[in-house]
Amino acid sequence: MSFGLECKKMKRTGFISAFLCGGFLAAIVPILNMAVRSENYFGIDDSPVQILMNANWQMMAMLNLLLVVAGACLMYHTEYADNAILKISTLPIKESRLFWSKVMLMIVMCIMILIIEAAGIAFCSYHWFEMSADVWMEVIKSFGYALLLMLPAALGSLLIASVCKNMWVSLGIGVVCVFTATLLPTESFVLSLFPFALPFQIFVETIENTAVSFMIAAGMEVLFIGISESICLKVRRLFK
Amino acid sequence: MSFISLMGIELKKIRRSKILFILAAATVILWLPSIFNADVNLRMQAEGISPENNFLIQGFLGMAWFMFPASMVVSTVLLNMTERSNKGILKMLSLPVRTTKLCLAKFVVLLILGFLQILMMTGMYFISAEIVSQTQNYDFVLKPLVVFKEAGFIFAAAIPMLAFFWLLSVCIQTPIFSIGLGLASIVPSVLMINTKVWFVYPMSYSFFVVTAEYGKMASKLSTEQVEFIPWIPIAVGITIVCLFISCHRFGQAERR
Chain A
1 MSFGLECKKM KRTGFISAFL CGGFLAAIVP ILNMAVRSEN YFGIDDSPVQ
51 ILMNANWQMM AMLNLLLVVA GACLMYHTEY ADNAILKIST LPIKESRLFW
101 SKVMLMIVMC IMILIIEAAG IAFCSYHWFE MSADVWMEVI KSFGYALLLM
151 LPAALGSLLI ASVCKNMWVS LGIGVVCVFT ATLLPTESFV LSLFPFALPF
201 QIFVETIENT AVSFMIAAGM EVLFIGISES ICLKVRRLFK
Chain B
1 MSFISLMGIE LKKIRRSKIL FILAAATVIL WLPSIFNADV NLRMQAEGIS
51 PENNFLIQGF LGMAWFMFPA SMVVSTVLLN MTERSNKGIL KMLSLPVRTT
101 KLCLAKFVVL LILGFLQILM MTGMYFISAE IVSQTQNYDF VLKPLVVFKE
151 AGFIFAAAIP MLAFFWLLSV CIQTPIFSIG LGLASIVPSV LMINTKVWFV
201 YPMSYSFFVV TAEYGKMASK LSTEQVEFIP WIPIAVGITI VCLFISCHRF
251 GQAERR
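Going down the list, the protein sequences come from chains A and B.
Residues 1 to 240 (the numbering used here) make up the first sequence, in order.
Residues 1 to 256 (the numbering used here) make up the second sequence, in order.
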């Protein structure tokens, strides 16, 4: 029920259309890139998906991240704006339910934008490269991996948004986190585990072992963020 | 009410907003990687740039590319939300004050916030350059005049961008769209500075200015240089149009 409620709350905020637009914007990036300077990418001895991801994923991941951060801020802004959250906390449900139903909605949105982007990548490999049967498998694997690695950032930004009452504070912290992620050196494994740096990873680029450890790390981060959220809510309730 | 006192009121409104902490945190984070990876600066023979210049430029590039524009988007959110959260804007609009003045006062506050962030970044530069000089046994501190000139140039080049962000936040009432558009417009500036028509895209101005300076400092690297003639008239035009529309639209949604 509360997932449906979350969808209703977001109905007139432009949340869903913003994600749709963002998804299309990110999907246009590889198409534009190929249309303008396709000659740079021919003759590279890699699979089409690998070439396309290498050329465009940084920018697409950046757009996704910014979208997720702004979306998370908006989700909690609607609660805080007219003190609706006080009414929620008087209901006979756990306060963390609210967080998890928001997480669910966020995941659905992430899946949506990633499907749009996957379609963009698939279109590029169909139009500019030779299409082979394993392209589909590769695209699905890449974007499944991208979804999993996006989760810590999504949950993290929701955690930040749920803790800060003012939208600009949560947006500011989110933006600073995204900026930090762009500064971190990519060679270092430990530093790339920063939740906001994970979405920049590319599946086809990484060795299988590393990819598995990234996925395990992402799962652990999700767990950790979930636990910290419930602790934050408990502590805040104590002092309110 | 005079413009100065209006500005004073606007500044008072954001006094307890903690925005300066966020802006300061961003500048601290900006310089931390440069401090840890300072030895890279000593190995830049391929580009033909001196270590101290490279240290300055790499930091400023990070600032002008993403951090400064994104912080300014956050600041526009702040300026708007403080008014809208408890319908404060309705009270402001009922005062016998011209809305144009109100809008411009808020824009000037945005400029002040931007100026403060650039100032903090420059301050952090001197601190981190001093630290790096100690750790690397090489003098990284440049003359203050050079640094302040570059920082001032970044700020001046950012004014059209600020006007554009202000236009977005005034005209688009749905917060997610004004924030989303603002943040999304930053990302393509990397592509725009490599094109011939970079001067039509206000978000790329500061980044272009720093890249041009990079090309000037690095002898083996050639980047496009700033040409004032098509740029300045277009930049001034964009600023004026953005400010004009935002002053015209300011408070219209509330007055309906």
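Think of the hints as simulated: they come from the structure by calculation, not from any bench.
Glycine residues also receive a C-beta, built at the ideal position from the N, C-alpha and C atoms.
Accuracy of the hints is not assured; some may be wrong.
Covered stretches of chain A (chain B as the covering partner; in silico rule of three or more C-beta atoms under 8 Å from a C-beta of chain B) [to be verified]: (1) 52-63; (2) 175-186.
Over 10 Å on every C-beta distance to chain B, these chain A residues come out as not near it, computed from the model [to be verified]: (3) L66; (4) K94; (5) E95; (6) I111; (7) S132; (8) K234.
Right, here's what the structure says about each hint:
Figure legend: the region 52-63 of chain A, annotated as covered by chain B; annotation consistent (3 residues with Cβ-Cβ distances under 8 Å, at least 3 required). Against chain B, the region 175-186 of chain A contributes 9 residues with a C-beta closer than 8 Å to a partner C-beta. That satisfies the three-residue criterion, and the hint holds. Residue placement check: A/L66 does not keep its beta carbon more than 10 Å from all beta carbons of chain B (closest about 4 Å). Listed as outside the interface, A/K94 is consistent with that label: its C-beta sits roughly 27 Å from the nearest C-beta of chain B, beyond the 10 Å cut-off.
Non-interface status of A/E95 relative to chain B is upheld: no Cβ of that chain comes within 10 Å, the nearest being about 22 Å off. Distance check for A/I111 against chain B: the nearest CB is about 19 Å away, which clears 10 Å, and the non-interface claim stands. Non-interface call for A/S132 relative to chain B: holds, since the shortest CB-CB distance, roughly 30 Å, exceeds 10 Å. Non-interface status of A/K234 relative to chain B is upheld: no Cβ of that chain comes within 10 Å, the nearest being about 24 Å off.
Hint 3 from the earlier list is the only one contradicted by this structure; the remaining hints agree with it.
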